[in-house]
Amino acid sequence: MFSRAYKTAVTAPPLVWVAVFLLVPYLLMFCYSFWSVTPAQTIVHSWDLGNYRNLLRVDVYWQTLLRSMWIAARVTIFSLLLGYPLAYFLSFYAGRRKDLFYQLVIIPLWVSYLVRAYAWKTILGSDGVLNTLLQYVHLTKHPLEFLLYSPFAVVLTLTHIYTPFTFLPIYAALEHIPRNLVEASHDLGATPAQTFWKVIFPLSIPGVLAGATFAFVLSLGDFLAPLLLGGPSGIMISNIVVSLFGAAYNWPLGAAISLCMLVLVVSLLFLSERLEKKWSFS
Amino acid sequence: MASISTSGVSSGAEPNSIRASLLSIRNVAKSFGRNAVLRNISLEIAEGEFLTILGESGSGKTTLLRIVAGFESASAGELWMGEERLDRQPPYRRRVNTVFQSYALFPHLTVEQNVGYGLRVAKRPDAEIVSRVAEALDKVKMTPHAKSKPSKISGGQQQRVALARALVNRPRLLLLDEPLSALDANLRRQMQVELKSLQREVGIAFVFVTHDQEEAMVMSDRIALLRSGELEQVATPREIYSRPATAYVAQFIGHTNLLKGEVRGGVARCTSLSWPAKFPDGPALFSLRPENIRLVAAGRTGDAGSVRLRGKVLHRAFHGATELIGVEAGDGLVLVVRTSGSAAQDTVELEFSPDDAVPVRESPGRV
Chain Z
71 MFSRAYKTAV TAPPLVWVAV FLLVPYLLMF CYSFWSVTPA QTIVHSWDLG
121 NYRNLLRVDV YWQTLLRSMW IAARVTIFSL LLGYPLAYFL SFYAGRRKDL
171 FYQLVIIPLW VSYLVRAYAW KTILGSDGVL NTLLQYVHLT KHPLEFLLYS
221 PFAVVLTLTH IYTPFTFLPI YAALEHIPRN LVEASHDLGA TPAQTFWKVI
271 FPLSIPGVLA GATFAFVLSL GDFLAPLLLG GPSGIMISNI VVSLFGAAYN
321 WPLGAAISLC MLVLVVSLLF LSERLEKKWS FS
Chain H
41 MASISTSGVS SGAEPNSIRA SLLSIRNVAK SFGRNAVLRN ISLEIAEGEF
91 LTILGESGSG KTTLLRIVAG FESASAGELW MGEERLDRQP PYRRRVNTVF
141 QSYALFPHLT VEQNVGYGLR VAKRPDAEIV SRVAEALDKV KMTPHAKSKP
191 SKISGGQQQR VALARALVNR PRLLLLDEPL SALDANLRRQ MQVELKSLQR
241 EVGIAFVFVT HDQEEAMVMS DRIALLRSGE LEQVATPREI YSRPATAYVA
291 QFIGHTNLLK GEVRGGVARC TSLSWPAKFP DGPALFSLRP ENIRLVAAGR
341 TGDAGSVRLR GKVLHRAFHG ATELIGVEAG DGLVLVVRTS GSAAQDTVEL
391 EFSPDDAVPV RESPGRV
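The listed protein sequences correspond, in order, to chains Z and H. Quick note on numbering: the working numbering labels position 65 of the first sequence as 135, and the sequence is numbered without any gaps. Quick note on numbering: the working numbering labels position 51 of the second sequence as 91, and the sequence is numbered without any gaps.
Simulated from the structure, these hints should not be mistaken for laboratory data. As the structure is a prediction and not an experimental result, all values here were calculated from the model. It is possible that part of the hints are untrue.
[Unchecked claim] Keeping only pairs whose Cα atoms sit at most 30 angstroms apart, straight-line, the calculated DSBU-like set for lysine-lysine is:
1) LYS179/H to LYS347/Z
2) LYS192/H to LYS179/H
3) LYS181/H to LYS348/Z
Extracted from the complex, chain Z is given alone in its bound form (with noise of 0.2 angstroms):
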């Protein structure tokens, strides 16, 4: 057996790392939303509330927290209704091409986030290719102004770059789901149609939710889509933390905005893991 100085050697350097980059941040930030900042840009460590009742009181925040998860719950249901089909068709379809469509799926993911953020400004800008096509086979005579610098283009763009996520647990799962199932429900009479909705499906919806939970909480903290893309009716949550931290220099408030952030990710990770136990029968 190895000795105690060893595995005190091996374990110490990660347990720091985490206490010294997670941890204290974390209290940090904890600490920080209950103080508050004076006019004159100080920070008073004075305990109290007044930053989680502002969160109530004014519209802006929580208002852009109900849109950010608007957003977010519409590109889980696209990445959802993309992905799901997609694995379905790898994993019972593909066949010999399996390994090659599967490339193709994950290839988007070794592509910067910025590259790809950015191919969509191109793509729905008013001097764009989507609009100088539509423009160019007569369909519009100006440019749609609705397809960039909105929340259209936001959930676009997320639903592009977190698809991927929702397909990869998706597919674990209905790779793991044994095929004589599928065939012992097609030799008691089920028809294909059938056995997809009383057999397949629910044995894939651990990974369902592991997917959604992936797509929600990835695009319900993004900042950078609605950063590029957008513009002042897209604004979604983080880009108001990261704005109190930057130029608004109102750390508190943003630490209290995050805390709710933190608060509310964690439980719906925790609800997705019930869940997700709850329907696993391996």
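Since the structure of chain Z is provided, determine the placement of chain H on it from the hints.
Frame of chain Z; chain H shown alone:
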């Protein structure tokens, strides 16, 4: 090919032959790429019979079963169930149900829901589903576990649930793919008996796939012996044991001695032995079961007309009720003899009746 003629050979005196044919497998072949797994299989399955497809692993027995169930399509040949061309139907339209080797119970459904699955997808009325499921669970003694998930019950119990799930649909034919192979020896013997009596009770034709010759002998009305994708012999267990068609069948089912010799002028010769045989002249191969060779007590005269020989005991293997001894009978001929007593002496005198030396065809090597 040899297999075509053997497939036509079936039980003359057994009741199966008068039963109506249920499923007709006609010249079925299957290859995966260049690999021929089944060649020219023709087989009639009668109403209500227990037919076992017996073969070593890789003989194609599971593939044949999967073709009947509809999970694989045959490369050539046809399946007929009465007037219906079965091989053109998808598996969910065939009145055939399968008990899978690993049971394939739905893990997200309870025992009860598993058994009711076929009736539910067929959209039977709720009251009917409830009563038929209850009846089926009762038949396999699984009523106390109706609300359990499959992961919470034992392998033997899962086996019963799989059986109930298939039988509740009242199929015309039940396919069983080595369903007992995952069970331990005792449970396995018990299930063999239960399965056989269940089959008698429900009167549905069973096609049972196994690699275990003993299992096949115990349970079947008829055995279809498959070797490298071709049928070697289709016959009752008794017939296949006492009248094996080929050397392979004789060796696969039980122990045997293969005597290589020739027939000339109504006399069969093998090394120094000879006996009258009414077969055409030419080289011949005979199968002689160990229990058909008798030990003759020294000095006694044996039965008239029997073939006598002396030999030295080489080895003994105790099998409980009987003992198998290997006897060197001169000229390199070694015979395995089954004795009920113990033969303590080193030199023994043996005899067998010429009728028990059954002529068999050579089994050519196959790829």
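Cross-check of the supplied hints:
Simply put, LYS179/H and LYS347/Z have alpha-carbon atoms about 34 angstroms apart, too far for the 30 angstroms limit, and the pair is violated. Taking the CA atoms of LYS192/H and LYS179/H, the gap is near 20 angstroms; set against the 30 angstroms cutoff, the hint holds. Taking the CA atoms of LYS181/H and LYS348/Z, the gap is near 29 angstroms; set against the 30 angstroms cutoff, the hint holds.
Consistency note: the structure conflicts with earlier hint 1 alone.
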